[in-house]
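Peer 1: Following the hints, position chain B against chain A.
2 protein chains.
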Amino acid sequence: MSGDPPCWLNQFNDFSMTTALAPELSDYLAKNDRRAHDELFAFLRIPSVSARSEHKGDMTHAAEWLASSMRTAGLQTEIMPTGGHPVVLGEWRGAPAGAKTVLIYGHYDVQPVEPLDLWTTPPFEPAVRDGRIYARGSVDDKGQLFLHVKALEAHLATRGSLPVNVIVLAEGEEEVGSGNLAPFIERHRERLRCDYCVISDSSMFAPGLPSILSSLRGLAYFEIEVRGPASDLHSGIYGGAVVNPATALARIIATFHDEHWHVAIPGFYDDVRDWEPRVLKEMRALPFDDERFRREVGAPALDGEAGRTTLERIWTRPTCEVNGLLSGYTGEGAKTVLPGKAMAKVSCRLVPDQTPDAIKRVLTAHIERVAPRGVSVTVNALHGGLPWRAEMRGPLVDAARRALAGAFGREPVITGEGGSIPVVGDFERILRAPVLLIGFGLPGENAHAPNEWMSDENFVKGTRAVAMLWDELAKPAA
Amino acid sequence: MSGDPPCWLNQFNDFSMTTALAPELSDYLAKNDRRAHDELFAFLRIPSVSARSEHKGDMTHAAEWLASSMRTAGLQTEIMPTGGHPVVLGEWRGAPAGAKTVLIYGHYDVQPVEPLDLWTTPPFEPAVRDGRIYARGSVDDKGQLFLHVKALEAHLATRGSLPVNVIVLAEGEEEVGSGNLAPFIERHRERLRCDYCVISDSSMFAPGLPSILSSLRGLAYFEIEVRGPASDLHSGIYGGAVVNPATALARIIATFHDEHWHVAIPGFYDDVRDWEPRVLKEMRALPFDDERFRREVGAPALDGEAGRTTLERIWTRPTCEVNGLLSGYTGEGAKTVLPGKAMAKVSCRLVPDQTPDAIKRVLTAHIERVAPRGVSVTVNALHGGLPWRAEMRGPLVDAARRALAGAFGREPVITGEGGSIPVVGDFERILRAPVLLIGFGLPGENAHAPNEWMSDENFVKGTRAVAMLWDELAKPAA
Numbered sequence: 423m424s425g426d427p428p429c430w431l432n433q434f435n436d437f438s439m440t441t442a443l444a445p446e447l448s449d450y451l452a453k454n455d456r457r458a459h460d461e462l463f464a465f466l467r468i469p470s471v472s473a474r475s476e477h478k479g480d481m482t483h484a485a486e487w488l489a490s491s492m493r494t495a496g497l498q499t500e501i502m503p504t505g506g507h508p509v510v511l512g513e514w515r516g517a518p519a520g521a522k523t524v525l526i527y528g529h530y531d532v533q534p535v536e537p538l539d540l541w542t543t544p545p546f547e548p549a550v551r552d553g554r555i556y557a558r559g560s561v562d563d564k565g566q567l568f569l570h571v572k573a574l575e576a577h578l579a580t581r582g583s584l585p586v587n588v589i590v591l592a593e594g595e596e597e598v599g600s601g602n603l604a605p606f607i608e609r610h611r612e613r614l615r616c617d618y619c620v621i622s623d624s625s626m627f628a629p630g631l632p633s634i635l636s637s638l639r640g641l642a643y644f645e646i647e648v649r650g651p652a653s654d655l656h657s658g659i660y661g662g663a664v665v666n667p668a669t670a671l672a673r674i675i676a677t678f679h680d681e682h683w684h685v686a687i688p689g690f691y692d693d694v695r696d697w698e699p700r701v702l703k704e705m706r707a708l709p710f711d712d713e714r715f716r717r718e719v720g721a722p723a724l725d726g727e728a729g730r731t732t733l734e735r736i737w738t739r740p741t742c743e744v745n746g747l748l749s750g751y752t753g754e755g756a757k758t759v760l761p762g763k764a765m766a767k768v769s770c771r772l773v774p775d776q777t778p779d780a781i782k783r784v785l786t787a788h789i790e791r792v793a794p795r796g797v798s799v800t801v802n803a804l805h806g807g808l809p810w811r812a813e814m815r816g817p818l819v820d821a822a823r824r825a826l827a828g829a830f831g832r833e834p835v836i837t838g839e840g841g842s843i844p845v846v847g848d849f850e851r852i853l854r855a856p857v858l859l860i861g862f863g864l865p866g867e868n869a870h871a872p873n874e875w876m877s878d879e880n881f882v883k884g885t886r887a888v889a890m891l892w893d894e895l896a897k898p899a900a
Numbered sequence: 423m424s425g426d427p428p429c430w431l432n433q434f435n436d437f438s439m440t441t442a443l444a445p446e447l448s449d450y451l452a453k454n455d456r457r458a459h460d461e462l463f464a465f466l467r468i469p470s471v472s473a474r475s476e477h478k479g480d481m482t483h484a485a486e487w488l489a490s491s492m493r494t495a496g497l498q499t500e501i502m503p504t505g506g507h508p509v510v511l512g513e514w515r516g517a518p519a520g521a522k523t524v525l526i527y528g529h530y531d532v533q534p535v536e537p538l539d540l541w542t543t544p545p546f547e548p549a550v551r552d553g554r555i556y557a558r559g560s561v562d563d564k565g566q567l568f569l570h571v572k573a574l575e576a577h578l579a580t581r582g583s584l585p586v587n588v589i590v591l592a593e594g595e596e597e598v599g600s601g602n603l604a605p606f607i608e609r610h611r612e613r614l615r616c617d618y619c620v621i622s623d624s625s626m627f628a629p630g631l632p633s634i635l636s637s638l639r640g641l642a643y644f645e646i647e648v649r650g651p652a653s654d655l656h657s658g659i660y661g662g663a664v665v666n667p668a669t670a671l672a673r674i675i676a677t678f679h680d681e682h683w684h685v686a687i688p689g690f691y692d693d694v695r696d697w698e699p700r701v702l703k704e705m706r707a708l709p710f711d712d713e714r715f716r717r718e719v720g721a722p723a724l725d726g727e728a729g730r731t732t733l734e735r736i737w738t739r740p741t742c743e744v745n746g747l748l749s750g751y752t753g754e755g756a757k758t759v760l761p762g763k764a765m766a767k768v769s770c771r772l773v774p775d776q777t778p779d780a781i782k783r784v785l786t787a788h789i790e791r792v793a794p795r796g797v798s799v800t801v802n803a804l805h806g807g808l809p810w811r812a813e814m815r816g817p818l819v820d821a822a823r824r825a826l827a828g829a830f831g832r833e834p835v836i837t838g839e840g841g842s843i844p845v846v847g848d849f850e851r852i853l854r855a856p857v858l859l860i861g862f863g864l865p866g867e868n869a870h871a872p873n874e875w876m877s878d879e880n881f882v883k884g885t886r887a888v889a890m891l892w893d894e895l896a897k898p899a900a
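Protein sequences appear in the order of chains A and B. Under our numbering, read the first sequence as residues 423 to 900, first letter to last. Under our numbering, read the second sequence as residues 423 to 900, first letter to last.
Bound-form chain A, shown alone (with noise of 0.2 angstroms):
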């Protein structure tokens, strides 16, 4: 993996300052610059990884440092134990009568290190190379969670207030999935009661060019499994007569498109609401050069869903897809084998408002409908997250938009993003606020791999902009 950001991507330089940072704020964080980085590379030299036992007492060091971090900044903290690592509360209520409250979440935690050999400076001493925050931790999320905790302490340090009441929840097991996260915000649902939550925690579509990510797939993996005779038999002695396993899984795989690439399980598209024009629109403008994708994954061609962009492909449109395969024999050389039995590893990529559920029904329909006979199919659901999609429109979006600008010099794009981010939904179902993501990262910034890395621009353009996001939910409605 290359430190370089992708070099499909185009780079923006268009700048069109609409907003500014209000000028105490703006003093405020340019004076306390160098303080703020050396605070940020403490915080990074604390080698806080969730995964791994022998780090437990780094956790509850991490744990500790950024409480008090909080609590400089103005903020009642509190550290809170979950069934592992526990969750560190800020807390600030003074706002107006009437004002808004936010809950702003991230994560002390940091993914495990290895390969070593592959970092150019050592995971836990910062260094500062071209621009870049080099640390494990330092794009994900530590330097993205610490950004908002030095904009609060702007807001109290200049004002003595915030325009709006604000929660901050950091927890600790964000890399190792999250397993405590629901079961806290549940118990805790009252005191998390908020109208919006803020997540910082991704990245920016390129260098320069801000980000709102309003859109997640959801996933449902499965395992399928086809049997036919008990076990291996001689392909010489039996074949022809006897429906060879692997034959049929492929027979059934290929029914899963048809010759455009569009998914032929029937009732699978049923679900899918339908993406707003506006928001298409917007990612069909974004920079992106099909060709140069092409030579950054390696293969031959890109081909996908007829009829939609790549980028739509990845962020809009659900997928089916084979992760793995496995039958009979695949060591080196002939070995005449008719295989008992064939497996596939599939999993589906959704959309709002498929679900796990209603895709395994289908899935599983159709496959009794395909199969050939002489096997037998079974389809075990492994795993399944929903899809998350945000509304895009009101104070938040239209504060973020402005607060953005502000701060980078040009309009922020709508991004979407193939993957999960599980949490987002946990935020909306227990808390039924709406959730805004906008991250800081860079394409290429390494998280979960040697070299991981922070664009410094971005960490001081992204405090300044979660700054102004607090004035600006704040102002009256245009």
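Hints are computed from structural coordinates only; laboratory data are not their basis. Nothing false has been slipped in among the hints.
Any copy will do: because identical chains look the same in the list, a pair fits if it lies in one copy or spans two.
Here are the computed lysine-lysine pairs in the DSBU-like style, where the Cα-Cα straight-line distance is at most 30 angstroms: (1) Lys-782 with Lys-757; (2) Lys-763 with Lys-782; (3) Lys-478 with Lys-757; (4) Lys-883 with Lys-703; (5) Lys-703 with Lys-897; (6) Lys-883 with Lys-897; (7) Lys-897 with Lys-453; (8) Lys-522 with Lys-883; (9) Lys-897 with Lys-522; (10) Lys-883 with Lys-453.
Peer 2: Then chain B, alone, in the frame of chain A:
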């Protein structure tokens, strides 16, 4: 593997003696029956496992023992070196002018015996139970080779002559691929010149049912690799915009057959020569129970090329089978990978006059036509072998029918074999002599498995059949 014959074989009980063994041969064999068994057991006690270097001394011992036994029978013998284990050659060339010369092929090497704990009695301590001679090599092929030696001995001991010239060629590398045999035949082509070859290294269709094996399928084995992106990708981040090689492979494989399991690769059947209606009719008359066969293989149902019986599908029709599939993630649970490549092992069983080369051409051309854009496909030939079919006409086949009928009390049946015996083609090709396959094994005999056995009745009747064969062959045409 069970020691019992497969339950799908009905047993015949149709006796209609037509030809009898000459009384002096019959008397000699009856009188020397005990000695023949003692000698066979001595042969079986030699652990001549060609695949294991620790048995090199045993291989020499077996070759010497066999040469000595042939000498006792009245043959001129020679142990001849090859690149591996030696060939034992026995010759008798005293037949009247104008007599035919026959070459009898067999092998004195045996399969390894592991797993030893599954043997009821030790593999190299022959034991008779329920009319079966249990020992490694009993049926494959020491017993079947040795009964030829005993038949020749009966002729030479009682009459001092044979009605045909005889060459016995016993190799020691059949179980390791006969790599040195074709060069040996080439090198000694003049000395091995003959009118007919006879091989007893196969099985009868059922107990009491003498069989002439009339065909063997050939093989064309390929590895197909479909390559998409340069490496595995995240199926969320890329899925839908990059063609999935596993899906592409499944779509390619799905085009190999039509809905009636007829191979749908254009040109695949071009070189298939029609089967003689007489042979097909004989095969259709064989006692065969599909439902018992289905239960034996343990498949939910049998299916194959429409309009063909199970035995026709296995013996007379070419196939295109998937032997293995591998792509992406195949471990436990869910991993959301879009695989970089997908591999299938695919092999075609061939019937005359298909060739591995021609099949590679039509398969490759077909795959090029049907492969979706966005992937590249390579087809590598791993292994090939020509199919074979006997003429089933002429003096040798007629003589064999009479001799088998005489010895077993019923007309032999014509069988096929779905697998391959490569040396058959070598003999025909190099020596330009037709090959007769008359085997005295039985279904369930555990060749290559623990508890290998040969029917004692078949050893005794097989000796009489081949003793009769030379007299029948020498008779003037009716």
